[in-house]
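Line order of the protein sequences matches chains W and R.
In terms of the working numbering, the first sequence is residues 899 to 1193.
In terms of the working numbering, the second sequence is residues 899 to 1193.
Rather than coming from a laboratory, the hints here were simulated on the basis of the structure.
Positions of the beta carbon are idealized from the N, C-alpha and C atoms, including for glycine.
Warning: the hint list may mix true and false statements.
[Unchecked claim] Far from chain W by the CB rule (all over 12 Å, computed), these chain R residues:
1) ALA923
2) HIS937
3) CYS972
4) ARG1063
5) ALA1088
6) PRO1143
7) ARG1151
8) ALA1161
9) ALA1187
[Said to hold, decoys possible] Within a straight-line C-alpha distance of at most 20 Å, the following computed SDA-like cross-link-like pairs (lysine to any residue) qualify:
10) R/LYS1114 - W/SER925
11) R/LYS1114 - W/GLY948
12) R/LYS1114 - W/PRO959
Number of protein chains: 2
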Amino acid sequence: MKGSDSSRVGSDAGTGSPIGIVSGAGSLPFAVADAAARHNRHPVLFALRGCANAEKVASYPHHWIGLGQINLLCRLAQREHCADLVFIGSVVRPTLSQLRLDLGALALLPRVVGMFRGGDNHLLSGVADFLEHRGFRLLGAHEVAPEILMPEGPIGRRRPSESQRVDIGLGLALLRAIGQFDVGQAAVVAEGHVLAVEAAEGTDEMLAQLASLRQKGRIRSSGGVLVKAPKLAQDRRIDLPTIGPQTVLGAARAGLAGIAVVAGGTIVAEAERLRQTAEREHMFVVGLAEERPGP
Amino acid sequence: MKGSDSSRVGSDAGTGSPIGIVSGAGSLPFAVADAAARHNRHPVLFALRGCANAEKVASYPHHWIGLGQINLLCRLAQREHCADLVFIGSVVRPTLSQLRLDLGALALLPRVVGMFRGGDNHLLSGVADFLEHRGFRLLGAHEVAPEILMPEGPIGRRRPSESQRVDIGLGLALLRAIGQFDVGQAAVVAEGHVLAVEAAEGTDEMLAQLASLRQKGRIRSSGGVLVKAPKLAQDRRIDLPTIGPQTVLGAARAGLAGIAVVAGGTIVAEAERLRQTAEREHMFVVGLAEERPGP
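Only chain W is shown next, with the shape it has when bound in the complex (with noise of 0.2 Å):
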């Protein structure tokens, strides 16, 4: 899957061009923003306004957009000669009366409250629909930084053992039987037993509650994996699971000893500090090849 992903980026993904970055909160928007151009493309950044950090979009070519500006969105795009868009970075959801709608976000209404995240493919491939019907191509930020994505083996020393094998394999098994039906793309398996799945709450919240009942003493198990897993249905240009340093301190005050993602099928924020990170939580973070489903 990176072999052609990267291939892509080389060959019809428009080397030189232009390519526009709409740009949640974190710090993926500028590592996409620096791979694109490591790789001959020109950045620009659409910033949503309250969501990405201005202080670094304002080093690069920039607009500022409103969550919900879909015509002014392409309007812009379109004038930056951006026929590439990717959507990138974490968006806070937003009160109705804080969107400023436009004529375009109005005719995805109430599609576009959930835009980014929120577990919902039908409704991100809505959007995907909308702006590739206004003449734009809809990119995963995979496919301009293939070097965001999750390789396949442990980041950092520790690998997990046998039984931490097991649970990983019950976590993949429960995420593939629920993947139909579009809910979460986490789940956290300990000693054999499922202690949690993610629904809409995501997966820093559900850990945070596994942090609580373990402090209640409501756990029984000790240890445990958190598993995260691309949903089958999901369009992976919108909507891939990401994980980060702060979800290495999440699965580690949840008292679990760590996180296993799928290769090529998950973003990995800021991939350093996360190695640090579970170095010092003595938590292992390993990448499973992706099982293909059969012909």
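Assemble the complex: chain W is given as a structure, and chain R must be docked to it using the hints.
Structure of chain R alone, referenced to chain W:
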């Protein structure tokens, strides 16, 4: 199913003979004791210290035992000629230092820690096996007191709408898909989206978290349905899903529109108070005809 249970109560379930009711917290142990007496059995409570309601226990023939005192339970039950045992009521999980483990319990350690609850069929079956090996028969509370089971159809006046029925179907399908993983008995679905899947946290905690996510504006869909169903592999003698007035309150706080459970496969605590609470909170509570797996 109710028919065959009732006939069992009347025939081989030991009419007139004593029955031991191992009693945790809540009102259910007394409901079961009263029902057993109505069915011409002589209830003896083995009240779990720190769990069972002492004031109410006092009005029944009873012995107090500590959680983990399985040998003591066996001795007392033999002395009282209780060949049949029922486990009922919730157990606040003790810390290991609070547990007074006797020799019988040590044989089961660490399985005994989660004896009553905690989503572990395997473990619960282990306790059942242990007691049956010692010559006892373990009965489900619903076998002794079929009147505590959820009936088919609505409790109270409200019924689910067509779209809520679709959400219920989605929830049931999800629970069926994860049934093999010995995970939660409950899920929340709203407008076609799975908002929560119960695992180690339990139903009350899951609903509380959902209420908090709703308050933070992090949930897009409105309304929603709590769906509960017994696990596929569940030993129904020991661990049936339960709802009570506090489930209705929790669901109301989470902004849900109603509760759907499998009729005949769910215990209802304080049915009349549950009905009143549902009416006051404008919620529906409905028992679904159980789908039997095909031949």
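Tested hints:
R/ALA923, annotated as away from the interface, keeps every beta carbon of chain W farther than 12 Å; the closest lies near 15 Å. The Cβ of R/HIS937 sits about 35 Å from the closest Cβ of chain W, beyond the 12 Å cut-off, so the non-interface label holds. Look at R/CYS972: its CB is around 24 Å from the nearest CB on chain W, clear of 12 Å, so calling it non-interface holds up. Against the 12 Å criterion, R/ARG1063 stays outside the reach of chain W, whose nearest CB is about 17 Å from its own CB.
With a least beta-carbon separation of about 9 Å from chain W, R/ALA1088 fails to lie farther than 12 Å from that chain, contradicting its non-interface assignment. With a minimum CB-CB distance of about 22 Å to chain W, R/PRO1143 clears the 12 Å threshold, and the non-interface call stands. Distance check on R/ARG1151: its Cβ is at least 16 Å (rounded) from any Cβ of chain W, clearing the 12 Å threshold; non-interface status holds. The non-interface label for R/ALA1161 is consistent with chain W: the shortest C-beta to C-beta separation is roughly 24 Å, beyond 12 Å.
Even its closest Cβ contact with chain W, about 22 Å, leaves R/ALA1187 beyond 12 Å, as expected for a residue assigned away from the interface. Pair hint R/LYS1114 plus W/SER925 does not hold up; C-alpha atoms about 24 Å apart against a cutoff of 20 Å. Between R/LYS1114 and W/GLY948, the direct Cα distance comes to roughly 17 Å. Compliance with the 20 Å bound is thereby established for this hinted pair. For the suggested pair R/LYS1114 and W/PRO959, the alpha carbons sit about 34 Å apart, so the restraint of at most 20 Å is broken.
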